[in-house]
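Produce the entire structure from the sequences given, and follow the hints as far as they go.
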Amino acid sequence: MRHGRYPFIVGFLIVPVTIYVTFVIAPYLQAFYLAMTNWRGVSANPKFIGLDNFQRLLQDDIFWKAIRHHGVLLLVLPLVAIAIALVFAFLLNVGGGSRGGTLRGVWGSNFYRIVFFFPQVLAVVIIGVIFRRVYAPDESGLLNGLLGVFGIDPIPIMADRNIALFAIIAVLVWQAVGFYVVLFSAGMASVPKDIYEAAVLDGAGRASMFFRVTLPLLRDTLQVAWVYLGIAAFDAFAIVQVLSIEQGGPDGATTVLGMEIYRNAFSYSQMGYASAMGVALFFVTITFAALTLRVSRRETIEL
Amino acid sequence: MSVPPDSTSDLTRRTLLRRAAAAGLLATPAAGLLSACVGGGEDEPTDQAEGEKSATNPLGVDGKAPLEIYIFNGGLGTKYATDVHVPSYKKAFPDAEVKFNQAEEMATVLQPRFTSNEPPDMVNNAGSKLMDQGALVQAGQVQDLTELFNAPSLDIPGKTVKDTLVPGTIEQGSFNGKPYTLNYAFTTFGLWYSDKLFQTNGWTPPKTWSDFTALLDKAKAAGKTGYAYAGANAAYYQYLVILTTAAKIGGADVLKNIDNLEDGAWTAEPVKQAAQLWGEIGAKYMDKAHLGLQHTEVQLQQNQDKVVFYPSGSWLENEQTKDTPAGFNYAVVPVPSATASDKLPQTAIYAAAGEMYFVAAKGKNPRGGMEYLRHMLSKEGAKGFTQLTKVLTVVQGATEGLTISPGLTSSETMLKAAGSDYFAYRWDTWYKKMDDECRAATNELMFNGGDANKFVTRMQKVADEVKKDPSIEKFKR
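Sequences listed follow chains G and S, in order. To get the working numbering, take the position in the first sequence, counting from 1, and add 1. To get the working numbering, take the position in the second sequence, counting from 1, and add 26.
It is possible that some hints are incorrect.
As the list claims (entries may be wrong) - Anything over 12 Å on all C-beta distances counts as not near chain S; from chain G, calculated:
hint, residue
1, 15
2, 41
3, 68
4, 114
5, 199
6, 202
7, 250
Stated by the list, open to error - Pairs of lysine-lysine, DSBU-like flavour, derived with a Cα cap of 30 Å:
hint, chain 1, residue 1, chain 2, residue 2
8, S, 459, S, 204
9, S, 90, S, 116
10, S, 459, G, 66
11, G, 48, S, 155
The hints are simulated quantities; they were obtained by calculation from the structure and are not laboratory data. The beta carbon of each residue, even a glycine, is placed where N, CA and C say it ideally should be.
Here it is, written out as structure tokens:
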């Protein structure tokens, strides 16, 4: 049996590994190399310039602005999205109280479950275009139209540098919540009903049931959600590109690294510099993922 | 004009053999893969088509060689190419296959082809996603057009192509003194308004700054937004106007200094004064909502008579054809004089040869590409273009006696009145980064109560950065 085991394994792996190396590893390596050149994207022979691009990066205001925005996204996006998704998931699954001995969700929870998932089905670009209308700066916009009913003057939402980033975060949250409702629902479904029932018998209210039973038992799922949302916070490119004015504006108030990479690569033809940003983004993301997994590691509860 | 070196097309037997061998190598799959990556490409041009030179074929086009062209599908459409220029080329070379392509995002579609040294022969590099022309020139991807400009015109007897052009055309397409692009459309810039709206209200187009603000006050009283531009994607219409005012105050050299990245070019007094004047217009007469709108949305509001003045180039009328109500009658007026001591007269305007067309130096048929440009520059070609797009070309007198539309007539009148007092700048295409920064700075100045000092120091800072950056090639004019 042992004989011929390696050829067998190799036979299975050779195709996926080749594809992975060609389309994932090789471009990564190429980006690392390009980051050390002054390539402008229109000739076939870049010149090697060492770490100059990274030195420039350290002094680039807009790069640090983008990093700061990722910081804000990283704090706000997972927190808000997970909080909302948890509340919804709880209401949909066990929030309705117990009836006939079993716990159930609030009335109409099957309907809500589908509605919450809708945004997840839409392409990001479409969401961007839709919200361009929602946020339109005059009374033709959905929000400003509503404000107009109450006699409030239109607010140029995407054009106000203090509001714009949060308006974008709101869209990201709106889009993400549905998926995490489903994820948490699945997590809650795997919690044995008798634990809940025991809690109910002991006289736990909805709030203490949520904080003392549901939350601790969902720890693993929460951790996954946190890493996913954290990585999403390092992206946000598509929505910024479509929704923000001047692509990352006003005046860089909503820009993210993806946007700056795109701009440097395709509009300033500074492929080398853009690659250096890409490399920076790579390290930032990987550090975040490693840290989160490490910090939140704890004994899991055997059910 | 110097004769261009002919070495690239001069095939000796040895180079031919060498290239054949290289081509054979590239054909093997492994090398083919390599050439697709960065750094693996062959730098020398592949075999390029060439025919016999003659009186009717001064550029030596190979009449059988296929020609591939790419046209930007934007405000001007593509009909002028498919209905006028391509047929004209096909008539001269019936055996040639002309592959017509169109795109809306030129860089997305074409940059990979340039990187892999398989470019199309002639490209209309335009639109908001245009390729960085300076970078292309720097990489040796662009054909020197000296030969084209020295060739005889297609249908204007006794003149070379160069002689038929509006003065300044070749300079507008030159990079460090060598002509690399043909800037074909001759665009005039000014403040556009509806002649009908002015007639019904008894308003007259302003000539001085106080006329201008008085009129804006009247517009405000009538419940209209006096002045508007679209902050979301068209702030460059506005910085063009600011710099036009700066040039009027201090002369066209103000713009030349900016182009040449001279120290303190932006912080110069005329630029500051212009920014000051326009900043006040922004604070007093503009609608903040326009910062979040796209150009088409603001232009539509003008068509609905909600906006009085809109800064734009002469493509505006054609762009708005569908939305313009009958009798709207587009008209245009030069940017008003700023002070009584302006260096340039009120009639002076920003006018430039725009819309870049270039020939790929490493394409398969660069001679055909140049010949195609020669057909565009014929009298018939230029006339056809103007008829279909309502935009003038750089070919002098091609539209004499034609009345096409009110807006075009108005901009022709404005151009005539300007005489030789027209000017333009190049920095926005040379240094894309400054363009982006200026859009943001302009929006800040006009919508967010930014002041003139902040505007000019901000621009000076980015200009200094570009100047110091060794990876960006510098240009002079």
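Results for each hint:
no., hint, result
1, 15, "holds (18 Å)"
2, 41, "violated (4 Å)"
3, 68, "holds (19 Å)"
4, 114, "holds (35 Å)"
5, 199, "holds (55 Å)"
6, 202, "holds (57 Å)"
7, 250, "violated (6 Å)"
8, S:459 to S:204, "holds (23 Å)"
9, S:90 to S:116, "holds (11 Å)"
10, S:459 to G:66, "holds (17 Å)"
11, G:48 to S:155, "holds (25 Å)"
When each numbered hint is compared with the structure, violations occur for hints 2, 7.
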